[in-house]
Amino acid sequence: MTARRGWGVVFVALVALTLVWRFLPSGSPPIYDGECIADPYETLGSSPAPMPASTTFPVAATFPASEVLTGETPPQAQILMETGTFTNSTRVTVSIAPVAAPSLKPPNGTIEGNVYRFSALNASGTELEPTSASVPVYIILRGLTSSPAPVIDRFNGTAWTPLSTLNAGCGNTFEVTSSKLGEFAAVSPGGGKAAPPPSSGGFPAVAIIGALALLLIIVVAVLFTLERRRNATP
Amino acid sequence: MALCLTGIAAAAVLRGAVGAPDTAASMPAGIVFALALLAVAIAAGWRPGRPRVAAAAIGIAGGGALIGTWLLSHGAPGLQLSPINAGLALWTPIVALVAIAEEVAIRGALFTAVRSGHGDSAALVVTTVLFAAMHVPLYGIGSLPLDLAAGLLLGGLRIVSGGVLAPAVAHVLADLAGGWLL
Chain A
1493 MTARRGWGVV
1503 FVALVALTLV
1513 WRFLPSGSPP
1523 IYDGECIADP
1533 YETLGSSPAP
1543 MPASTTFPVA
1553 ATFPASEVLT
1563 GETPPQAQIL
1573 METGTFTNST
1583 RVTVSIAPVA
1593 APSLKPPNGT
1603 IEGNVYRFSA
1613 LNASGTELEP
1623 TSASVPVYII
1633 LRGLTSSPAP
1643 VIDRFNGTAW
1653 TPLSTLNAGC
1663 GNTFEVTSSK
1673 LGEFAAVSPG
1683 GGKAAPPPSS
1693 GGFPAVAIIG
1703 ALALLLIIVV
1713 AVLFTLERRR
1723 NATP
Chain B
23 MALCLTGIAA
33 AAVLRGAVGA
43 PDTAASMPAG
53 IVFALALLAV
63 AIAAGWRPGR
73 PRVAAAAIGI
83 AGGGALIGTW
93 LLSHGAPGLQ
103 LSPINAGLAL
113 WTPIVALVAI
123 AEEVAIRGAL
133 FTAVRSGHGD
143 SAALVVTTVL
153 FAAMHVPLYG
163 IGSLPLDLAA
173 GLLLGGLRIV
183 SGGVLAPAVA
193 HVLADLAGGW
203 LL
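Protein sequences, first through last, are from chains A and B. This note's numbering numbers the first residue of the first sequence as 1493 and each following residue consecutively. This note's numbering numbers the first residue of the second sequence as 23 and each following residue consecutively.
Worth flagging that the hints you see were computed from the coordinates, not collected in a lab. Glycine included, each C-beta is placed from N, C-alpha and C at the ideal position. Fair warning: there could be bad hints in the mix.
What the hints assert, rightly or not - Which chain A residues face chain B? A few, computed with CB under 10 Å, are given here:
1. Val1501
2. Thr1510
3. Val1512
4. Asp1525
5. Thr1653
6. Ser1656
7. Leu1658
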């Protein structure tokens, strides 16, 4: 392939990148890859406490595409909103707050991490919901593990409903779309964990994994050497 | 080529095993992964060529394009540098190491192996698909279109520049932007 065709590939890739970024929900995933920086999960009732988040949007003709996210790294709870998600004839305050888990348990597993309440209030304190199902909100919660992958459930005050959940990447974050606000939690199928696993010394595990890594590298190197010798043989 | 693919796949599996349950956030897993990829590349016969200024410049432009397309779609207002802290100081070289190792193994050793038997087009397709697929376990299926497009761009830089330096520089810049820019 000539350099000229290579530039053609670069051009096509740039167009594709622009389109992909244009249609991805904002904020997910982060720029390309790279090890993500993930602080330990903050559980309600522990210190430091998990952070709430709140943003007030001034009166506007149309509610702007925006996001509200808690202050941890990565955020433990996020809400992404499209243009026109809420009626914005008065100011709108979108809030995220960690709350105590309801006494009613989810039907599909055990809550891992915190329950977060997502709400939107207008200037008179009236609770708002997305204006229509065609402009759902994206709820992103951080779980404690990716294996098994948790499902995000929504609690409407009387019952939990499991939602179709996608892995959103860095730091065990998971995403759902919802046409309603309310309380959301990551639910681990089966047992699950109520709190992050305590840090253990872990030296034996690290040593074993390191030895396995070394062994694997040696095996691959030997296989390569054998293949190259075989290919070199006339 | 088969062994090159196997080695890269084994490195990815190893990364998952070391980093579980949060592989994407595990720096030890990233280091092990990078070292395994470099071992695969060296075992496959890859050796660094003489660095060329033009290739580095193409890489910088490519990194700018990767970051620029993101800025174009998300807007620069509010963009600022992250505060420097110990976590970021440790994260930066590890991310750079992982990005370089991925380029050396995928667009260095593997690209050369596929091209020698099947030509540039096949090498571009194989390396782009592999690059995207190996990130799915870390970042979810939603990352697939993004990493396919990014992989295509990096492959294009590899063809244009004739070496690994350009895609490696672009890859490092784009990944570091994820941590350094807010």
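A quick look at each hint next to the structure:
With a cut of 10 Å, the hint placing Val1501/A at the interface with chain B holds, because the nearest CB-to-CB distance is about 4 Å. Against a cut-off of 10 Å between C-beta atoms, the interface hint on Thr1510/A holds, since the closest Cβ of chain B lies about 5 Å away. Of the supplied interface hints, the one on Val1512/A holds, with its beta-carbon coming within about 5 Å of a beta-carbon of chain B, less than 10 Å. Satisfaction of the interface hint for Asp1525/A is found here, the shortest Cβ-Cβ separation to chain B being roughly 5 Å, below the 10 Å cut-off.
Using the Cβ-Cβ criterion of 10 Å, the hint placing Thr1653/A at the interface with chain B is not satisfied: the shortest such distance is roughly 22 Å. Hint status for Ser1656/A relative to chain B: violated, with the closest Cβ pair at about 12 Å, above 10 Å. About 6 Å separates the beta-carbon of Leu1658/A from the nearest beta-carbon of chain B, less than 10 Å, and the hint is met.
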